Amino acid sequence: MTKLIKILMVSFLFYSGCCSSAIRADNQETFSPIEKIFLDESKEALRQFGYDIFESKAGFIAPTDIAVGPDYLLGPGDEIVINLWGLFEEAYRETIDRDGAIFLPKLGKITLSRRTFSEVEKNLKEKFNQYYKNVHISITLGKIRTIRIFVIGEVKQPGSYQMSALSNLLDALCLAGGPNKTGTLRNIKLIKKEGQKLSFDLYRFLLSGENEGDFYLSSGDTVFVPSVGSVVAISGKVKRPAIYELKEKTPLKDLIEIAGGFLPSAEISRIQIERIENFQKKVLLDVDLSPQIKEESLNILLKDNDLVKVFSIEKRIYDRISLEGLVKHPGNYQLKPLMRLREFLAPEELLPEASPDKAEIIRLKEDGSTEIIGFSPEKLFKGDKEENIALKRWDRIVIRSAWESLSKVQIKGEVKFPGQYTVRKGEKCSSLIQRAGGYLPEAFLSGAVFTRVSVKEKEKERLKEFIQRHTIILEKEKNGATDEETGLIAEGESLLKELTGKVPLGRIVFHLSSLKEFKGSADDLILEDGDTVYIPKPPAAISILGEVNNPTAICYQEGKDINYYLEKVGGFSEHADKKYLYIIRPDGTAITKPSLIGRGDTIIVPQKIRTRTGKIIKDIIQMIYQISVAAS
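When you line the sequence shown up against mature numbering (1 follows the signal peptide of the UniProt record, and there is no 0), it's residues -21 to -1, 1 to 611, in that order.
Derived by calculation from the structure, the hints in this document are not laboratory data.
Small disclaimer: the values here were computed from a predicted structure and weren't measured.
Virtual Cβ for every residue (Gly too), placed ideally from N, Cα, C.
Take the hints with a grain of salt, since some may be wrong.
To be verified - Using C-beta positions, here's what the derived DEER-type ranges look like:
| id | residue 1 | residue 2 | range |
| --- | --- | --- | --- |
| 1 | T161 | D19 | 17 to 23 Å |
| 2 | G174 | K228 | 43 to 49 Å |
| 3 | S500 | A369 | 20 to 26 Å |
Claimed, not checked - Pairs of lysine-lysine, BS3-like flavour, derived with a Cα cap of 27 Å:
| id | residue 1 | residue 2 |
| --- | --- | --- |
| 4 | K232 | K171 |
| 5 | K437 | K387 |
| 6 | K168 | K226 |
| 7 | K371 | K395 |
| 8 | K539 | K557 |
| 9 | K558 | K516 |
| 10 | K176 | K226 |
| 11 | K404 | K344 |
| 12 | K22 | K168 |
| 13 | K404 | K387 |
| 14 | K481 | K437 |
| 15 | K439 | K371 |
| 16 | K498 | K476 |
| 17 | K104 | K160 |
| 18 | K226 | K282 |
| 19 | K407 | K344 |
| 20 | K435 | K455 |
| 21 | K443 | K407 |
| 22 | K391 | K294 |
| 23 | K282 | K261 |
| 24 | K557 | K572 |
| 25 | K404 | K498 |
| 26 | K457 | K435 |
| 27 | K407 | K315 |
| 28 | K547 | K558 |
| 29 | K457 | K437 |
| 30 | K88 | K104 |
| 31 | K160 | K122 |
| 32 | K572 | K539 |
| 33 | K260 | K22 |
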């Protein structure tokens, strides 16, 4: 292999902006059939390795005016430049004719075709030295001949091409647009005009710069690209995740080497191979590449269409604690064995404005929730043993301001770190959600519940007043009441008694959305002490309450209207007041004219109060009934 052609190939790759990475930025809009197979199985958009070097034709520079190597074979059309100097000066520029020869004064006809440049140079110098003494001789090539070759098979633009005689197989492929992704990169054929067949593995060049297929081309040569061979994909924590073509029997260790090896974050004890077995079913192989069993696992033979997944180690940093707030050096620190708070926190670490008695440890519990442990820095530094708390993995030590007003709130449900948090004055709900790690994938934002202690207390007072007032009203209505009205009054008193045991939620109706949309919106409430945010999973059922034949919960069916669910519970009861039917949405809002029923909705059918007299009693009982159902 000539150094010259290797330089040309490296220059080609540099100018075309290609790299050995398997995956380009996703500026390619389409995926090949092979890439689509693995796109469905892997989270990564894996690309077939190596084909991107042919994407930019602008980078191709036809080698026509550069120095040739000593093994270059001369042929008709090449121009020989001969310069003589010394006792006299003379110059000759002769083109090799169709017979493969040139004619020089005194030397006559000289055959040069099919001889290497080094042979011709040596031969001509010997001949000139027979006629001229004390003369220096320089022999170079002028214009390089052109050749015509064929590029066929799985290439983008198969056909006949005219190119410089200095061109090689890679140049020919580039002119033809490169192999299709259905064509091989590992078994490209060069069929010489004389019938000799040679093979070229482009991977050797792409991965190590070795170019065993660095062949000069001749007129009449054919470059043939067969169909791609077996392919496997490797995704995850390797340096070059991609889809690779394999040669015959390839062990796992060879694929890992081709992919550049593992990243430091790879969990080598858990490698998975997804495989299609006998064209019938998918199977999964777990591979452990831990040092003690590494050799055996590395020699597992890969099969066509295997997908190798290399997982990441856990992202969390173990044995660490963090220091936050009004301190000189906030950040993460090592948790040493049996470390306590006093060993970690020094008085000189606190800023002047730090509170002497307002600090806390935010601790992540085993169930994923958080716990807040308050302590007094002042007492700690004075040697109070109760304040010298034993530290645990992932503890966050937070030093507060002396003027900071703190409140405690809770966030529950589908967030990464549910639990109790302290919040500053003016801190909003969006900040709490961010501090809790954001939503989990199954978070049902439409059903989020926001409750507040102050609202709960007001609701308790209003409910108490409502019960007292209507108890008095019903007592008065007993005087002179008919039998029918007496029955209604008794029903009302029973409902009021049930309401006495109800505890209001203190819910504030708000609409949760993605953090980007929610932050700064009208629903992004300023937090108060005792607030609770609950984000549920998507409910599977619709509740139907009140006057239906079978009050229950029905599995949610997307796109179904209210009639569908009413039919499922046997329809309205004889006491149903269809006119005042209403829906309570998961966010707490109520509507009276629903079109479609949404996930988590509650359908409420009130009771129709029938009485021939005493409209006041009817209205009172209706009101009590609706409040009772809503409270349920």
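Exercise. Going back to the hint list, which numbers does this structure go against?
Worked result: Numbers 2, 3, 4, 9, 12, 15, 16, 17, 20, 21, 26, 27, 29 and 31, in rising order.
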